[in-house]
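Chemist: Protein chains in written order, with our numbering: chain L, 1032 to 1555; chain E, 12 to 166.
Quick caveat, the hints were computed from the structure, so don't treat them as lab data. Hints are all accurate, no fakes.
Label pairs and their computed distance ranges (CB to CB):
#1 E:E69 / L:P1034: 49 to 57 Å
#2 E:S122 / L:G1093: 34 to 42 Å
#3 E:L129 / L:G1114: 32 to 40 Å
#4 L:V1038 / E:L129: 33 to 41 Å
#5 L:E1186 / E:S122: 30 to 38 Å
#6 L:V1204 / E:E69: 32 to 40 Å
#7 L:A1076 / E:G21: 50 to 58 Å
#8 L:E1207 / E:K16: 38 to 46 Å
#9 L:G1228 / E:S66: 42 to 50 Å
#10 E:D128 / L:P1034: 33 to 41 Å
#11 L:I1325 / E:T43: 50 to 58 Å
#12 L:L1087 / E:N130: 43 to 51 Å
#13 E:S159 / L:W1321: 47 to 55 Å
#14 E:G123 / L:A1106: 26 to 34 Å
No more than 20 Å apart at the CA atoms, straight line, and that leaves these computed lysine to aspartate or glutamate pairs for DMTMM-like:
#15 L:K1211 / L:E1186
#16 E:K80 / L:E1156
#17 E:K75 / L:E1156
In this text, a Cβ means the ideal position worked out from N, Cα and C, and glycines have one as well.
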Amino acid sequence: MIPAFIVTHSPALMIIAPLVGAFLSPFICRISSTVRSIWVGGAMAVTSAIALILALNVYSAGTRLYVFGASTASAAIPPDSGGIPIRIIFEIDPMSALMLVITAISGFAIIVYSLSSERSHTGLESYYTLYLLMITGILGMVSTGDIFNFFVFLEILSLASAGLIAYRIDGGVAVEAALKYFVLSTIGALAILVAIGIYYGQYNALNMAMIAARMQFSVLDQVALVLIIAALAMKCGAVPMHFWTPDAYSMAPSSITALLVVASQASLYGLFRTVFTLYNVTLNAATVGWLIIILGVLSMVVGVTMAIPQKNVKRLMAYHAVSQTGYMLLGVGVGLAVLGNQSLLDAFGYMAMEGGIFHIINHAMYKGLLFLTAGAIFLRLGTYNLNRMGGLGHSMKWTMVFFVIGALAIAGIPPFNGFASKIMIYESVFVFNPLLAVIAMVVSILTLASFVKVFHSIFMGPALPEYSEVKEAPMPMLAGMGILAVVVILFGLFPGIVVESLIAPAAHALVDQGAYVAAVLGGV
Amino acid sequence: MRMSKIVRTGANLLYPFILIFGLYVIMHGHLTPGGGFQGGAVVATGVALVIVAYSFEEVTSMIKKVGMKARESIGLLIFIGAGIGALAVGAPFFSNFLAHSGLLFGQSIPSGPNPGDLNTAGVIPIMNLAVGIEVWGGLAIIVLYMLSSIPKEGS
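Build out the structure end to end from the sequences listed, making use of the hints.
Modeler: Given below as structure tokens:
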């Protein structure tokens, strides 16, 4: 059904499609706004389709390799290189494939939304160019098997994000947020670069599988681990490095904020990939596992307590994003803490990791949905201030429905997807350490309380006279939100199928370092 | 603000040499130190020199932002086009399908000392050229935008 050419070259085509879309859009977007919409929408649709084809292929046929610049796509080790994979290699295992699915769905839903939400702004060709470059960065980060290449895609993502955060200049406030994000990203990227230098100096290789096979866990490797964990935990917004998230998330256009959520999940993926694939059992799993658990618990508690007093709806949601990142760190951290102990892994470790990984995809969907509803409200009202909203349930019915779906999902209420992943985290973490599970549940209750307040102040009450002219959000915006809402509901209704077919292979691929190494180096 | 006649004449004299040196660095990227980025940066310093010597209004009539933006995009498109060309002949993305083919930049060279043959290395010189064009446009735009925030003379 799908041509073999596309399946064979899908890892490259997935990067080519958004890049060609981005580089041609300065020309094509000058023709007319309709042509622009078709071009960028089409480029993103093609990218999503290829990413989904690749992900399906990985789930059915196992880990895929793509060697750039070689004579054939599977020639990982050139005959004259002395056994070192010198070329840039994309290695897509089920964990990467899961991230591809997230990016494909969110990226498409958000660009449909953008076509309408950004219509009245200037400089749209740059907006869409940077948007497609952001997608390139995320797709590259999650599929690459080369650690220097990871750094390159991380930089593409950071630069494009910084430009888009500053897109609505807003009297310089957005530029300030973008500058903050940019400076922090650069510091983080430099830390990662130093870590890459340490690996290269010790192991003469930049390929992740090669480094993993040669990993000694020397003192230098410990320094590199600290640098990478610090930088990527900062990029995914974990407390105590979360301070850029409220500014950047609240000042960026809402469509970009939703994509920034996906971008921070890609950093989280990098963190897990480093810990599980590069180091795996060589590191002191209990210590590093507890470190990640503590980062997670801090993020959960500080995020939600900072969210409650916020008056700006997007700042509030940004703090909730920090809080939800904590759940993923907690779940996967528990899995890491018992790594190497097969009986404990089978008892609750895999389930905790599956819960954490399931929460990544769930979070990207419902948090994206919530930010998009905030953008729809801003489009009609021109304010993010909760105190100046009210009674919108009379005029923006669909937006209200989508907001309720997102809010119930983030609070972990059945039958939405947030419940499905949170119950997995609660149950497995309770076996590991009951106190952590209790904290996680309390945070969930506080999240619900916070969103009840937000829901009430935005949508309930009598229709306000100053908003008597307010209409429902335009159709493309509703369609973008609708895509995410459908995924939220489907994942909540059929969590068993999703966990079995998408999440469990990802968790097992993450733990199974040997398979990742063997895919590149052959049976070692 | 316009500089003195000496500076303007000096800039006029130097401009073609800077351009040629930059293009030389780009074109010999696969043989000598340097390459697309370095050569493109040298060419862009030529643009910066013109901007220093003449007033902003004169410069913007000589160097158009649109043209520089077009260079930026065209450079990137040539670069990715060179990668896609490999897909068209059935090899993986970015594969060097022109090397040793006898076509453009496709000559093989015997090993051992040689004076440097320009007609070698396959897609690498094409990519150097693409990066050169892209960096020329990109750096020139950065300089132009930084300058456009300077207050006008007399205002």
